[in-house]
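Undergrad: Let's have the full structure, built from the sequences with the hints guiding it.
Residue numbers (our numbering), protein chains in the order written: chain P, 4 to 156; chain B, 61 to 656; chain S, 316 to 437.
Careful, some of the hints might be misleading.
[What the hints assert, rightly or not] Dumping the calculated BS3-like pairs for lysine-lysine here, alpha-carbon to alpha-carbon at most 25 Å: (1) B:Lys610 to B:Lys640; (2) S:Lys414 to B:Lys144; (3) B:Lys640 to P:Lys103; (4) B:Lys356 to P:Lys43.
[As the list claims (entries may be wrong)] Here chain B is said to cover these stretches of chain P; the calculated rule only asks that three of the stretch's residues, wherever they fall, bring their Cβ under 8 Å from a Cβ of chain B: (5) 23 to 29; (6) 52 to 62; (7) 97 to 111; (8) 136 to 147.
The hints are simulated quantities; they were obtained by calculation from the structure and are not laboratory data. C-beta: ideal position from N, C-alpha, C; glycine also.
Residues per chain are reported as follows:
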Amino acid sequence: MKTKEEILKSFPKNPDYIIEILHALQDNNPYNYLTPEDIKLCAEYLDLPVSYVEGVASFYSMFSLKPRGRYVIRLCDSPPCHLVGSESLLEYLEKKLKIKVGETTPDRLFTLELTSCLGVCAVAPAMMINDEVYGNLTFEKIDKILEEKRGNL
Amino acid sequence: MPERAHILLCAGAACISAGEESFKSALERELKEAGIYDEVKIIETGCFGTCDLGPVMAIYPEGTFYVKLKPQDAKEIVNEHLLKGRIVERLLVKEPEQKQALPTINDLPFFKNQVRIALRNVGFIDPLNIEEYIARDGYSALAKVLTQMSPEDVISEVKKSGLRGRGGAGFPTGLKWELGRKASGTEKYVVCNADEGDPGAFMDRSIMEGDPHSVIEGMLIGGYAIGAKKGFVYIRAEYPLAIKRLTSALEQARNYGLLGDNILGTDFSFDIEIRIGAGAFVCGEETALIASIEGKRGMPRPRPPFPVNSGLWGKPTVINNVETWANIPPIIINGADWFASYGTEKSKGTKVFALAGKINMTGLIEVPMGITLREVVYNIGGGIPNGKKFKAVQIGGPAGGCIPAEYLDTPIDYESITALGAIMGSGGLIVMDEDNCMVDVAKFFLSFTQDESCGKCVPCRVGTKRMLEILDKITKGEGTEEDLVELEQLAYTVRNTSLCGLGKGAPNPVLTTLKYFRDEYLAHIRDKKCPAKVCTALIHYEVIREECRKCSICFRNCPVGAIYKDEDGTYVIDQSKCTKCGICFQVCPFKAIKKE
Amino acid sequence: MKKLTLEDLKKIKEKTQAELEMRSPEGKDKIVVHMGTCGIAAGARETLLAILDEIEKRGLKNVVVTQAGCIGLCEYEPLISVQKVGGPKVLYKYVTPEKARKIIAQHVVNGQVVSEDVLSTE
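TA: Set out below in structure tokens:
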């Protein structure tokens, strides 16, 4: 893992890199979120007010200001997925993980979120876990994927 | 030793998510086992477009097209096809009606009826190999522009081609470039809008994954034409694979000196940077996109000034979307007249559409403008599955509209689609059949835009919310006819007064469904019925006493214990407990449960 | 890597174009090697490799080589068929690697059917 200073230094000291920097800081955190310290360091590095950086971080849905799980599950909730049953998958995931959308499992392994279209509509319903996209989802397939992720630890 | 076969394996996001990688390793293993690994070449390409058949591959020179591949199929393909030259019939595409297997990629009506310009290389070359792009005339448009054409020549060629912005609004590309060239200032920018957020649209992703160099070359030519030295690609974070492929293509282009200083030995210098979004749909709007590249909250601002005069950091900026950029190199090589020979009078060339929803062949197609919706849905898309009836097609994403069956023969071009109340948009086509409730569809699209509203202007932030509340009421059977009047008024207000395209387009699904499917709204309001049997509050399940064989399957599967046995052993649903989940309806082996 | 010149661009194009030829089989001469179990047992693989090698040596661009299964004439294996654009399909019998090279030189390149090895002509 890189130190926060190393991450910051890999970007030019230019305010328009703020989103890239926030992505990098968030990806570096095992719990996939931006800590108050991250926000402060980023503000100092770019010479911006902390409120400005927090404003940007809170605007974009992919940034989180509270801890998330190691794996962020983003279930696609756009119309093509909706038409083929993403709603029942959401219920299934909620039941299986025993959490609601936006929450994290107590073991801090999974966070459940919804996302806008992942652009793989032909294999709908789909979801993304961190950077990986899974299509043609069924209850059984979800079971298998979650098991795999658990086994990865 | 030359290879005796090229295996083109689709490595688009859809095929990857359907298991392309594990198939590939199985294939490699089998090839090694059979001792012919060095005789064939595996090329991972971009999206073929037949995404619902994935993972897919084509084996050349024959062009045999295999679909729905599983790792366990690899052995048979190697032993039968590659060793013995026998086609593996069971892995071919079957025509939905004839059940006849189609051996080669060119036999498929899906491919036969397409004209691929923007997608010319997608699914045919290795996107990670710049030399394959060069072999297919890649970067020769750039060479031609830099050595034989003045920036004005380039602009007039693009103007003459009639190319219009493929991102949605259809602004003439050549004119935009001309305004950019004439805008005062020495520092100018070109931007590629790759924030493809419309649900159901994935052509830009596919181009970036399958042919990233065509976007780079298009931007280089645009940069030369308007006098920019720098370009940005703004790409959404939901597309990690496209980001990866584009990043590596940029690196290659830089290594080959096709980006950087003094390109191809001329005094033209240009470079491109990628900027990644972070999950905000509104950033596809150009002023919001600019704010986001500048590192701000991605909120739109009123226009004018237009970005072409005051864009990134207040400098003149030409913004085009991915598909538009990918069309530029062929226009330069083959000429404006060639491009303009496709399409209609006002909409030239081709358009890429993403077919999704209730259609046999979902995926990506490129067709000449002016083709009818019927040809797309039936000839290319193979019609509606399970013998159901076509009801409507939502065109243009959440800002578009629903077009009903009576307009199936409308030619697809910017003007005709707009006249029906929809928009061309980025080209998402979501097909709906008789089982879809149009009120529910309108509600769903509106809830999407409502959710993605950035909150800056009142009509969009509050207006869409009020509209959504009314729709919610109607789907619950609590709506009145006055609600319909108010809904319509609100829709017009939001459309006319919102700040940016997101708000202006948000009411379109509601307005078009009100226009074409008013009777469905009225059925929800007057009869408290959902004709398509979708809105849960308006349907109920009942056991048909005469059909019930007392097998108890419904009883055992009901998750809420709403089914009980009456005196003679027949099962009955307690309506006060029923949550209308539909499980009993699905599990009953005797079709003894009715849904009304 | 040094910067590309217009000349380099052309060279890369020509070189890679040849490699991509395989993916557009229309309008080309076709050689089909029959590779059923019988053909393979009779040495069809060696024949195939010789054909590919000869094509590369001669720099032939307008030829595609494919494989097909057994056509029931197992006693004549290895069998290959050659069809020039616009010409008839000629089936050759007992095609050893040496014969294959001769067929390419005489039939594919010069258009003269190697009559002593012909089994049938369609």
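Undergrad: Against the 25 Å threshold, does the CA-CA distance of Lys610 (chain B) and Lys640 (chain B) hold or violate the hint?
TA: With a Cα-Cα distance of about 21 Å, the restraint between Lys610 (chain B) and Lys640 (chain B) holds, given a limit of 25 Å.
Undergrad: So is the region 23 to 29 of chain P in contact with chain B by the C-beta rule, three or more residues under 8 Å, or is the coverage claim wrong?
TA: The restraint on the region 23 to 29 of chain P holds, since 3 of its residues have a Cβ under 8 Å from chain B and three suffice.
Undergrad: Can you tell me if the region 97 to 111 of chain P counts as covered by chain B, using C-beta to C-beta distances under 8 Å and a minimum of three residues?
TA: violated (count 0)
Undergrad: Lys414 (chain S) and Lys144 (chain B) were given as a pair; does the straight-line alpha-carbon distance stay at or below 25 Å?
TA: holds (21 Å)
Undergrad: Given the hinted pair Lys640 (chain B) and Lys103 (chain P), is their Cα-Cα distance within 25 Å?
TA: holds (21 Å)
Undergrad: For the region 52 to 62 of chain P, does the count of residues with a C-beta closer than 8 Å to a C-beta of chain B reach 3?
TA: With 3 residues closer than 8 Å to chain B, the region 52 to 62 of chain P meets the three-residue bar; holds.
Undergrad: Go check the region 136 to 147 of chain P versus chain B for me, would you? Three or more residues, Cβ under 8 Å, otherwise it fails.
TA: Check passed, 4 qualifying residues.
Undergrad: For the pair we were handed, Lys356 (chain B) and Lys43 (chain P), check the Cα-Cα distance against 25 Å.
TA: Holds, because 17 Å separates the two Cα atoms, which is no more than 25 Å.
Of the hints listed earlier, the one the structure fails to meet is number 7.
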